[in-house]
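Asks: The lines below spell out each chain.
There are 2 protein chains.
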Amino acid sequence: MLPSIRCRRTNLIRRPCLSARLSTSSVLLANRAIVYSSFGNPSEVLSAITYPDLPPPPSKSLNVKYILSPINPADLNVIENKYHSKPSPVSSLSEGRHKFPEPHYVGGNEGLAEVTESVGLSEVNAATITVNPPTAYNMLHSFVEPKEGDLVMQNGANSAVGQAVIQIAARKGIRTLNFVRNRPDIDSLKNYLQSLGATHVFTYDDLKDKETVQNIKTTITKKGTSLMLNCVSGEPTKDMTRLLADSATLVSYGAMSKQPLILPTSLFIFRDLRCRGFWQSKWYEEHSIQQREELMKTLAELKLREPEYEILNLKGTASDEEVAQQVRSVIAKIQEGRYGRKVLLRFEPAQ
Amino acid sequence: MLPSIRCRRTNLIRRPCLSARLSTSSVLLANRAIVYSSFGNPSEVLSAITYPDLPPPPSKSLNVKYILSPINPADLNVIENKYHSKPSPVSSLSEGRHKFPEPHYVGGNEGLAEVTESVGLSEVNAATITVNPPTAYNMLHSFVEPKEGDLVMQNGANSAVGQAVIQIAARKGIRTLNFVRNRPDIDSLKNYLQSLGATHVFTYDDLKDKETVQNIKTTITKKGTSLMLNCVSGEPTKDMTRLLADSATLVSYGAMSKQPLILPTSLFIFRDLRCRGFWQSKWYEEHSIQQREELMKTLAELKLREPEYEILNLKGTASDEEVAQQVRSVIAKIQEGRYGRKVLLRFEPAQ
Ligand SMILES: NC(=O)c1ccc[n+]([C@@H]2O[C@H](COP(=O)([O-])OP(=O)(O)OC[C@H]3O[C@@H](n4cnc5c(N)ncnc54)[C@H](OP(=O)(O)O)[C@@H]3O)[C@@H](O)[C@H]2O)c1
Ligand SMILES: NC(=O)c1ccc[n+]([C@@H]2O[C@H](COP(=O)([O-])OP(=O)(O)OC[C@H]3O[C@@H](n4cnc5c(N)ncnc54)[C@H](OP(=O)(O)O)[C@@H]3O)[C@@H](O)[C@H]2O)c1
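Protein chains in written order, with my numbering: chain U, 1 to 351; chain F, 1 to 351.
Read the hints as simulated data drawn from the structure, not as lab findings. Since this is a predicted model, take the numbers as computed values, not measurements. Accuracy of the hints is not assured; some may be wrong.
In this list, chains with the same sequence are indistinguishable; a pair is considered to hold if it fits within one copy or across any two.
[What the hints assert, rightly or not] Straight-line C-alpha distance at most 27 angstroms; calculated DSS-like pairs for lysine-lysine:
{"no.": "1", "residue 1": "K238", "residue 2": "K82"}
{"no.": "2", "residue 1": "K82", "residue 2": "K208"}
{"no.": "3", "residue 1": "K208", "residue 2": "K258"}
{"no.": "4", "residue 1": "K315", "residue 2": "K208"}
{"no.": "5", "residue 1": "K238", "residue 2": "K258"}
{"no.": "6", "residue 1": "K82", "residue 2": "K210"}
{"no.": "7", "residue 1": "K238", "residue 2": "K86"}
{"no.": "8", "residue 1": "K82", "residue 2": "K172"}
{"no.": "9", "residue 1": "K65", "residue 2": "K315"}
{"no.": "10", "residue 1": "K315", "residue 2": "K190"}
{"no.": "11", "residue 1": "K217", "residue 2": "K82"}
{"no.": "12", "residue 1": "K217", "residue 2": "K282"}
{"no.": "13", "residue 1": "K190", "residue 2": "K217"}
{"no.": "14", "residue 1": "K147", "residue 2": "K208"}
{"no.": "15", "residue 1": "K282", "residue 2": "K222"}
{"no.": "16", "residue 1": "K86", "residue 2": "K210"}
For reference, chain U alone in the conformation it holds in the complex (with noise of 0.2 angstroms):
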């Protein structure tokens, strides 16, 4: 959800901005954002701020213009404080033209920006293309390959990832076997993880459920699943790894249910399980420009279908104070689990 910006004229950015990463060569400098000055729930402590108008860019840098700013869960920990990274407060601009107190933070990390291409893709897709799609890329690359025929396992099934998971692994012949929380419409979920190309679609309620267990053992996993990706930690987690074959490899990218990851040691000692991690911050910091290119390329080429979303349209001509209360309004929402769309802001202009 980042707003307008300023940035530096670095490679990075010769393309439409598809880039999380442009908010580590970039400087904020105008137009309406979404900031805080203390850390903590989000749907509290979220404000709205309009900035003064952008002078023209110095040398070596551009501005531009958010146009679709996803509100991602990673950005809501930042908030909460209980994210890896910590953000960097904006105190450049304390000019005495606005009266929100310094330091304070621009909350976001993902966005279409317009620089002066246009871009290839949706909008909607643009703006999600950098976080997600390429963090299910890699976790199905970068591990245990799986080859055309091979079972992947997955809790959190339906969140941005876990769907782009689904798609890149359809393509590939790759079967998925997903696991999502019950809810009273699971049929439609289901419906919509299969249309995307899911092969089974199970919840976490299903895992108690002896019987089932046994028939998923049977008919699906066999063996057992050698790659499992992670979303969500706590019980649900633990309850899947029956289903893993030995030496298997467990990836987790998220800790959506808010607890640790709890396994039993006997998996390590008696089955070889292997536990590992993926950030994708890691990966882009870790890969040259050219490498970044081309993962963006593919994952253009692939035409991931747009994860379900919803675009908030924050008023130009609403004052601070109402958007602000617009975002806290639906983060509150989104708090509370299944919400099922991925949110955007659309910052629109004053006139």
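Given chain U, work out where chain F with the ligands should sit, using these hints.
Replies: For chain F with the ligands alone, kept in the frame of chain U given last:
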């Protein structure tokens, strides 16, 4: 805590039986054994039984006589039915010559047994060389291979495995950061471990003290350790992970706390933690007889100090009931924890 057994004459036992492996190709035949017919608390379910005298071995077999039979934690787990491998019942001996209910199981997995040659190690060393020292040795060599000057961290450092880790590491100039449970005479335990070559010894309680942790970080671990060996799981293990370097490997081989491995998912995602497990039995299965003998030779040459031990003499003149009572009560004491000595059973001859 194996009794006298008969083994098929395989390559494995061309040399004096140093051999947990023996049991995989052995048939129990005679004399006294510590047995059980239902799973449960070993301090309650164990009995002693005297089998008829051994007949002469059939072809391709030989008779061996156990001299010392250590009581290892895994032996107790097997009896509790909490171990990965299930024991096989002994039913070939139901010839009505004793009154023990059939089927029953014989406890134990390691020991020193006599065949023909003499062994060149102390009895205690020979009786305890096939499970714990190879586990220590292989964990130091199969994952991150630490070099001279590197630091390895472990919990359960006063376990038989832990003591072997300390000594093997010290021989190679590898520093060890050791953790144990607190106790009234903690200083004498620290001195003992340091006499084995331990570089640093702390208690899990020390990890609750911020200043001590900070001190360990600045003076000992610095950028963190890259290899941690886990005998304990649960809370202490979680606390210790704060001392790990990025991309460190945590190798689990025991779960003495009876707690699962509980780790924040963030360690995997942001610090690239890698969790593995080690099982010596599997190592034996996966390696040739030559490799096994090579390892035993290497370990024998390291001349590790005997673990602190206590020999429980099971008198040949005592009744099976008396012997069972002796074994049960020492196990009850071991189960209280902080026992500090490896208990070895010596089955004394009847006359
Ligand atoms: N490591 C990386 O590099 C990386 C990259 C991208 C994302 N991530 C992480 O991946 C996770 C998903 O991100 P996203 O953008 O895909 O999120 P998203 O589209 O908002 O989806 C969130 C997912 O979490 C599930 N969830 C929420 N609360 C839960 C709970 N208490 N128990 C079980 N499941 C719960 C939701 O299921 P319901 O529908 O049942 O609520 C949904 O499947 C986040 O933790 C994010 O930080 C990590
Ligand atoms: N994976 C393998 O291949 C392999 C091979 C050998 C051994 N093992 C396992 O390694 C472990 C140690 O075996 P060992 O023969 O070395 O055992 P041992 O000499 O009997 O030592 C047991 C150790 O466990 C500690 N302990 C007991 N209860 C504890 C608790 N509740 N919390 C924390 N620590 C506790 C003891 O510390 P205190 O003095 O404080 O009681 C002691 O350090 C066992 O779990 C065994 O099954 C595994």
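Asks: If you check each hint against the structure, which ones fail?
Replies: 4, 8, 10 and 14
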